[in-house]
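Input sequences plus hints: build the corresponding full structure.
Sequences listed follow chains A and B, in order.
Taking my numbering, the leading residue of the first sequence gets 1114, the next gets one more, and so forth.
Taking my numbering, the leading residue of the second sequence gets 25, the next gets one more, and so forth.
By construction, these hints were calculated from the structure, which means they are not laboratory data.
The structure displayed is predicted, hence computed values, not measured ones.
Do not take every clue at face value.
What the hints assert, rightly or not - Listed below are the simulated DSS-like cross-link pairs for lysine-lysine, each with C-alpha atoms no more than 25 Å apart in a straight line: (1) B:K107 x B:K38; (2) B:K81 x B:K94; (3) B:K81 x A:K1116; (4) B:K33 x B:K81; (5) A:K1219 x B:K95; (6) A:K1219 x A:K1186; (7) B:K94 x A:K1219; (8) B:K33 x B:K107; (9) A:K1219 x A:K1183; (10) B:K81 x A:K1219; (11) A:K1186 x A:K1116; (12) B:K33 x B:K94.
Stated by the list, open to error - Only some residues are given here: those of chain B computed to face chain A with a beta carbon under 10 Å: (13) Y57; (14) G66; (15) L69; (16) L128; (17) A132; (18) G133.
Beta carbons: idealized from backbone N, C-alpha and C, even for Gly.
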Amino acid sequence: AQKITQTQPGMFVQEKEAVTLDCTYDTSDPSYGLFWYKQPSSGEMIFLIYQGSYDQQNATEGRYSLNFQKARKSANLVISASQLGDSAMYFCAMREAEGYGGATNKLIFGTGTLLAVQP
Amino acid sequence: DGGITQSPKYLFRKEGQNVTLSCEQNLNHDAMYWYRQDPGQGLRLIYYSQIVNDFQKGDIAEGYSVSREKKESFPLTVTSAQKNPTAFYLCASRPGRLSGANVLTFGAGSRLTVL
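Below, the structure written as structure tokens:
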């Protein structure tokens, strides 16, 4: 069954340092997409980065990069040079049947990691 | 600016009452979704709609109802049959299946509290 696991309920990081948020997934579908979203205290979900299962290179978006290890079924988010504004909940999510128009487009979410950036 | 507007932001309801949460988007997106978020949990899918006048149940549809009469609007009704309705509700949308885009855009959410 499709499942996303985030084992870190909360993390601290010093400002300007890098931090890795863990995400493992389980699926039997060879075609899937992995997403990371940020949720600040305001509640809105903000899209950060996407990785397709057939993408050859790890995705990067500015200070965000996705460490995609397909054999281990992990998709860890790396935030470089942390800023105070990075303090938020971070969710990993997965969608199966990528490349087929997204099928039902259903996203399955993990339970999230609360990141606190300290000055 | 294009986006998704959810209202109300905060809502209180007495037990036994139905309540409707509004979701409007001006992104010209075909597909719309409702998710529920509880403390310490991720988002769970309630209902989704890929085209007007059509919608499907998600993983936790019991006690909820939706309609999709217009492309821009996807209201969610939390009925008295929903046994534990206190939660944060998020609406989302994305372009149609053939557009090639993959990303869900979310609204700011509605927080429902049952007294």
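So, going through the hints one by one against the coordinates:
1. B:K107 x B:K38: holds (12 Å)
2. B:K81 x B:K94: Status holds; Cα separation ~18 Å.
3. B:K81 x A:K1116: holds (19 Å)
4. B:K33 x B:K81: holds (24 Å)
5. A:K1219 x B:K95: Roughly 19 Å separates the two Cα atoms, so the pair holds.
6. A:K1219 x A:K1186: Since the Cα atoms of K1219 of chain A and K1186 of chain A sit roughly 19 Å apart, the hinted pair holds (cutoff 25 Å).
7. B:K94 x A:K1219: holds (21 Å)
8. B:K33 x B:K107: holds (21 Å)
9. A:K1219 x A:K1183: holds (21 Å)
10. B:K81 x A:K1219: Between K81 of chain B and K1219 of chain A the Cα gap is close to 11 Å, so the pair holds against 25 Å.
11. A:K1186 x A:K1116: Holds, at about 11 Å.
12. B:K33 x B:K94: holds (22 Å)
13. Y57: holds (8 Å)
14. G66: At about 3 Å, which falls below the 10 Å cut-off, the nearest Cβ of chain A leaves the hint on G66 of chain B intact, so it holds.
15. L69: holds (6 Å)
16. L128: Constraint on L128 of chain B satisfied, holds at 6 Å.
17. A132: holds (5 Å)
18. G133: G133 of chain B check passes; min Cβ-Cβ to chain A is 4 Å, inside 10 Å.
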